[in-house]
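Colleague: Chain residues, written in single-letter form:
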Amino acid sequence: MRLISRIGQWFDQRLQLAAPIRDAAEHPVPRNTASWWYVFGSAALIIFCLQLVTGILLALTYVPSAGEAWSSLQALNHDITLGWFIRALHGWGSNFMVAIVLIHMMQVFLFGAYKFPRELTWIIGIFLLLMTLGMAFSGQVLRFDQDAYWGLGIGASIASRVPIAGPAIVKLMLGGPIIAGATLSRFFAMHVFVIPGLLIGFVGLHVLMVLKLGINEWPMPGRIVKRATYLNEYHELTRKDGAPFVPYAVWKDMFFAAFILLAVAACATWFGPFGPSGRPDPTIIQTVPKPDYFFLWLYALLSLLPPSLETPFLLIGPVLVILGLLLLPFLSGEGEKSWKRRPIAVLTVMLIAVTLGTFTHLAGYTPWSPKMDAWSGAPVPAQFLHGTSALERQGALVFQVKQCRNCHSIGDCGGERGPALDSVALRLTQDQLIRQVIQGGGNMPAYGKNLSPPETTALIAFLETLHPAGQPPARDASRQVALEQ
Amino acid sequence: MSQDASVSRRGLFMKLGVLFNGVVAAALAVPMGRFLLSSITRGRSNGYLDWVPLGPVSQFPEGETRLATFRNPLVMPTDGKTVDTACWVRRIQGNQFQVFAINCAHLGCPVRWFPQSGLFMCPCHGGAYYRDGSRASGPPERGLFEYPYKVENGRITIQAGEMPTPGASASLMRGRPCKSDNGLITIQAGTVRPSCAGASLLGKESPCA
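Protein chains in written order, with this note's numbering: chain Y, 14 to 498; chain P, 167 to 375.
If we strip away everything but chain Y, and leave its shape as in the complex, we get (with noise of 0.2 Å):
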C-alpha cells in the first residue's frame, strides 16, 4: 500500500492533478439532486464511451471503400470472432445513445435547468445533440448497403433544394457528381475523426460547466429564478443543504450507467447486428429503403406533407427548431423551473412525444407506399367471387392485372396507398366510378389510357359488386328518371 501511495505522489508532484479532481468529486451538490431523475448525462456519457471503444475495434477491420465496405461488414459479422457481437453493440449502442441523449434534454427542460447562469450549458447541449444525430446519420452511411446508398441520395435530393448553392452542397456531400467511393470515403472521415473530435471537446466543456455551476436544483414551485439572487441563493443551498458529489450522488449513476451498458449488451446479444441489407448495387432495384429507427419519423413526415410545402418545411423547419432551441434560454432564463407550474412546457414535451411517436409508428407499415407485389402476390379473396358473372370475373382480373391492387386492398389485403375498396360500391355510383377510373384524381393515376372500353366496363362491373350483403350499391336517383324521358 505504501508503494502505491508513493507512486501517486511521484505522479501529483509533477502532474498536481489530484487536488483539482478531490474539489471536482466532492463539490457539494444540493441532496435532492441525488436522484434517478439526475443519471441520464452520465448514462449518455458512459454509452459514448462505449461507442468509441467499440467503434475503435470495427474500425480494425472495417475497409471505408465503396468496394469493400459491405464485404468486410459480412466479414464482421460471419468470419471474425465475436465480429458480430462488436457490431451490435455498436448499433444498439448508438440507437441508446439518442435515446437517452433525448431522454436527457427532456428531463433538463422539465426541471427548469436550462435557464440562468446555465443558458450556455443548454447550448453546448443542443450541438451535442445536432452531433449526435450527426453520428447516428453518418453511422447508417458507414453500413454501406442499400439502406445506406439510397439514403444518400435522399440526403443529397434534399439537399439539392437549397436555392442556388443546392447542386453546389450535393456534390461537396457526395464529393463528386454521383454516390461512390468519394462519398463513402467523406462520411467515413466525419463520423470517425470530426465529428467525435468535436464531441469530446463539447462533452468536456458541457461536463466542466456543469462541475462549475453546479448541478440542477431539484425544482421547487414557486421558487423563482432571478438573476439578482439566483447565485446566492444556490450557494445558500448547496451549503445549509448540501452533501459532496461523490459518494453522495454518484453511486446512482453508476448503478444506472452498469444497467445501461448491460441494457445495450443483452439487445446486441438478442437482437444481434443491424444489417447489412443487400449489396450497394444501384442496378439493383428491387428494393425498398428504409431509414434508421430514428429518422423513421422523417421518413414519414416527407410521404404525409402536401408537395407544395415540403422544400420550405425541409428548408426552413429545421432552422427554425434548432434557432428556438438555441433561444429557449434567453427567453425564458428566470422564473419558474417546476414542471408544475409549466403547463406549457409539459404540453409541448407531450405533443412533440406523440407526434414524432405516431410519425415514427407510422413509417412502421408505411401506408402511404404501394405494396409493389400485392397485385401478382395477393389473390383475390375467394368470397369476393362467389357467385359473379363472366363479365366481373373478367373484371375481377383486371383489378389484378393492372395493379390497382398495389393501392387498394380488399379483404384486408393489399396496399393503404389508396382507400379500400370492400364496399366502394356503396361511395361511389357506376358514373362515379368511371370517372374515377378513367380520369383518376385525389392522388390517383387517370387509367383512361391504359384500359381499353372492354377492360374499363368489366374492371367497373367487378368494383360494383364490392359492397357487402344485403346494402344495395349506390345509384344515381336521377339517371332512371333520365331514361324513361
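Derived from the structure by calculation, the hints contain no laboratory data.
Worth double-checking, as some hints may not be accurate.
As the list claims (entries may be wrong) - Using C-beta positions, here's what the derived DEER-type ranges look like: (1) P:ALA195 x Y:ASN456: 48 to 54 Å; (2) P:ALA195 x Y:THR242: 43 to 49 Å; (3) P:GLY199 x Y:VAL175: 18 to 24 Å.
To be verified - Under 10 Å between C-beta atoms, here's a sample of chain P residues computed to sit facing chain Y: (4) LEU203; (5) LEU233; (6) ASN238; (7) GLY246; (8) ILE268; (9) CYS288; (10) GLY333.
To be verified - Going by beta-carbon spacing under 8 Å, a handful of chain Y positions derived as facing chain P: (11) VAL175; (12) THR296; (13) MET385; (14) MET457.
Quick reminder that beta carbons are idealized off the backbone N, C-alpha and C, glycines included.
Put chain P on the given structure of chain Y with help from the hints.
Modeller: Same frame as chain Y, now just chain P:
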C-alpha cells in the same frame, strides 16, 4: 506592459509574429480549400457529363420500356459497383426515345416500371408517373428526370454523369418531360435537342405543361 504609447521592440515582434502566422495560414488555406471544394469546381470547369452507351437500339422494342444500365463516365478506383447506374429506356417508335433516370423526382429512390398499368411507382413515398414520365400522383412536384440521348449507327447513347436531384442545375436535366408525345428529342448524328426545348433550367416550368 509599458504605459507609454510607443511600440516596444518585443510588442512589435509579437505583432509581426501574429501577422507572419496569419500570412502562412492564409497561404495554406488556399490549397486546402481548393482541395476541399474540388468536387464542386471540377463540375464547373470540365463538367462531369459525358456520352455513355446504352447498347444497340434493337435491344429496346418499340412501344416498350426496358431497364438499361450504364457505367458512370467518371470512375475512381474505390467506387466498386456504385458507378453502375440503371435507367429506364422507353422506345416510342423508330429512333424516338425517352430515357428516364432511375431516381424518383421526389427524393431519389429507384422507381419501378409496371408495363401492365403503364405506371412508374416509387417504393419510398409513393410517387407515381405515367409512361411518358409525367407526374401521375404522390409527393413528386415534377415528372421523372430525362437524360439527353442520341442515336448513332443503330446505337443509343445518353449524356450522363451526375446524380439527378430535384434542384439539379441545367447542365444535367432539362425541364420536365412533356405530357404529350410531341417535342421529343430528335437527333441527327451528334446534335442534341432536349425534350421540351426551352424548358426552365430548374425544371419548374415547361412550355408543354
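Colleague: What hints, given by number in increasing order, does this structure fail?
Modeller: Hint check: nothing fails, all pass.
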